[in-house]
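Assemble the whole structure, with the sequences as input and the hints as a guide.
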Amino acid sequence: MRRDGARVGLLFTAPFWIGFALFTAVPVGLSLYYGTTDYDLVEAPLPIGLANFGEMAGDAVFWTALRNTLVFAACSVALNTVVALALALLLEQRLRGREFVRALVFAPTLVPISAVAVGWLWLFHRDEGLINAGLRIVGVQGPDWLGDARWALWSLVGMSAWVVGAQVLVYTAALRDVPRSLVEAAAIDGANARQRLLRVVLPQISPAVAFNVLVSIIWALQVFALPLIMTRGGPQNTTLVYSMYVWQNAFQYGRMGYASALAWVQFAVTCALTAAAVALARKRVYARGATAR
Amino acid sequence: MRWSARTVLYVLLAVVACAWATPFLWMVSTSLTPDVPVANSASDGAGSADLSRGVEFLPDLGADGPLDYAARLADQARTNYGAVLASDSADFPRYYRNSLVVAFLSAGLMTLSSAVVAYGFARVTWRGRDAAFAVVLGTMMVPFTVLMAPQYLLFERLGLIGGLLPLWLPSAFGGAFSIFLLRQFFLGLPRALDEAALVDGCGHLGIFARVILPNSVPALAAVFLLQFVAAWNDFVGPLVFLNHQEDYTLALGLQMYQSQNSGTQWNLLMAAVILTILPVLLVFALFQRAFTESVTTRGVKG
Chain A
4 MRRDGARVGL LFTAPFWIGF ALFTAVPVGL SLYYGTTDYD LVEAPLPIGL ANFGEMAGDA
64 VFWTALRNTL VFAACSVALN TVVALALALL LEQRLRGREF VRALVFAPTL VPISAVAVGW
124 LWLFHRDEGL INAGLRIVGV QGPDWLGDAR WALWSLVGMS AWVVGAQVLV YTAALRDVPR
184 SLVEAAAIDG ANARQRLLRV VLPQISPAVA FNVLVSIIWA LQVFALPLIM TRGGPQNTTL
244 VYSMYVWQNA FQYGRMGYAS ALAWVQFAVT CALTAAAVAL ARKRVYARGA TAR
Chain B
31 MRWSARTVLY VLLAVVACAW ATPFLWMVST SLTPDVPVAN SASDGAGSAD LSRGVEFLPD
91 LGADGPLDYA ARLADQARTN YGAVLASDSA DFPRYYRNSL VVAFLSAGLM TLSSAVVAYG
151 FARVTWRGRD AAFAVVLGTM MVPFTVLMAP QYLLFERLGL IGGLLPLWLP SAFGGAFSIF
211 LLRQFFLGLP RALDEAALVD GCGHLGIFAR VILPNSVPAL AAVFLLQFVA AWNDFVGPLV
271 FLNHQEDYTL ALGLQMYQSQ NSGTQWNLLM AAVILTILPV LLVFALFQRA FTESVTTRGV
331 KG
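Chains as they are written, first to last, in our numbering: chain A, 4 to 296; chain B, 31 to 332.
Be careful, since some hints might not be right.
A partial selection of chain A residues facing chain B, derived with a Cβ cut-off under 8 Å [what the hints assert, rightly or not]:
(1) 26
(2) 63
(3) 66
(4) 67
(5) 116
(6) 133
(7) 184
(8) 251
(9) 255
(10) 273
(11) 280
Treat the hints as calculated values from the structure; they're not laboratory data.
It should be emphasised that the depicted structure is a prediction, and the values quoted were computed from it without experimental measurement.
Backbone N, C-alpha and C fix where the C-beta goes; we use that ideal spot for every residue, glycine too.
Structure representation (structure tokens):
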């Protein structure tokens, strides 16, 4: 095979490198610098060393935002993984109408998140919302889902399961890759449906599960639009998530320096959790390549 | 399979269908309701709300007979949706235009630039290519919160804040996910095609334009669609980069309309929601295959 010089390669990929420099590398560098300054957008950035990070340690709102985000991420990733796997398994059964249901499940992931958020504001409405109207039929007075500090974060976690369509598709693709012969062999050996699922199918698709969990964690740690539109972080900061706190500092309080430092902590936490998930996956995920190919 | 097991599965399927369809149906139903008398949730206790109101998906329009009902429903739709489109507090026709401009520019530029870059990673062999591709994928890891403040300041310094440009300009330089998708697709095209073109005296540009692009229409279409929807749906970008209300896209305009009316006229608000999501759902219905196939290639394979 013919080798081209690095010049040709760089020439073709040049658009990416220009964009990378302009919209990623330079901003990342600037953000690192701003993180060590006091910068209010009016006067020039004033270097203050690591004082921003010291301020975080004593900032109760920072800790609240961090805790809310970790709780949301842990719970929504766990819930969404179970829901998506269950839906993928159900929709792979030979049932009439499943293609329609598959499209229906995928639809919420396609529409603007702000539209989903406004729509669910109405479903969650304390008095006239569909959920509480439904509960009243069975004689239960539902809570003020988004206005009650005990319920608001859980309401957001719950509705996030409505938007799992993309994950369902990834699991579906993985399920279709499981060799039929493997499942049939297990059946001949006397494995019942539950055993086939737990001992054969799930280990086979574990790489897809690991990948999806990883993507979901990264997504969940950056959650922003849903709580911003639906609760504005309230009530009593119970849904104030990390990205919202960064955004407030940067664009509402005019504290670019502190916001940049906050963003870097978020980046570090994301990287650490991703690395942990990858390490865990290495140990636990069934290495299909070793046996099947 | 035994019939009892099948019955259970069909019941489950029906439950799933209801759970996912109901929110949409409820939004449509509300958007066709004359006026939703909602007590302000700040007001006192349950007594203020009409608790006898049940779950009615067909709005009560006081009609006699199904034909009359259909006519009244159409009338109500004209009234509600017309009120949203002619609203004083939000210029929805303008938001439509802005969303279309951003989505088309962003998707077109993204497809073109990502194709060129993906060709450099799939068909040109050069030293350091794999390390360079790792950098491309690595950009997906950087949270938007790290980038948003410096990007805003950068655009401001360049005098580009105050228009739609910050929303589509970055697409002109390719995106990691699109480059990844197209590279995967290009790698799957037979090498013999290139070699035949090479014998015919084509250079890299010729191979790219005459061999690779014409054979990649489905992948290019998928990238275009995904980026179109991503740009149409983007909320954070417009929130950060747009300062003037006349530049708002639908995704942001809807949120502003909601916060300004702070949930008083839910029927109009739901009509606005439907107006925002309908174009995307139509695109989805038309190109369903391209969507589902492009997303499934994201799965872990080999």
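Here is what the structure says about each hint:
Annotation: residue 26(A) was flagged as interfacial toward chain B, and the flag holds, the nearest CB pair being 5 Å apart, inside 8 Å. At a threshold of 8 Å, the smallest CB-CB gap from residue 63(A) to chain B is about 20 Å, leaving the interface hint violated. Residue-level restraint check for residue 66(A) is violated (minimum Cβ-Cβ distance to chain B is 17 Å; threshold 8 Å). The closest approach between the C-beta of residue 67(A) and any C-beta of chain B is roughly 17 Å, which is over the 8 Å cut-off, so the hint fails.
Of the supplied interface hints, the one on residue 116(A) holds, with its beta-carbon coming within about 6 Å of a beta-carbon of chain B, less than 8 Å. Because the closest C-beta pair between residue 133(A) and chain B is about 5 Å apart, less than 8 Å, the hint holds. Hint on residue 184(A) is violated. Least Cβ distance to chain B is approximately 18 Å, over the 8 Å limit. With a least beta-carbon distance of about 11 Å to chain B, the hint placing residue 251(A) at the interface is violated under the 8 Å criterion.
With 8 Å as the threshold, the beta carbon of residue 255(A) stays out of range of chain B, its nearest partner Cβ sitting at about 11 Å, so the hint is violated. Checking residue 273(A) against chain B: minimum C-beta separation of about 6 Å stays under 8 Å; hint holds. Given the 8 Å rule on beta carbons, the hint for residue 280(A) is violated: about 13 Å separates it from the nearest Cβ of chain B.
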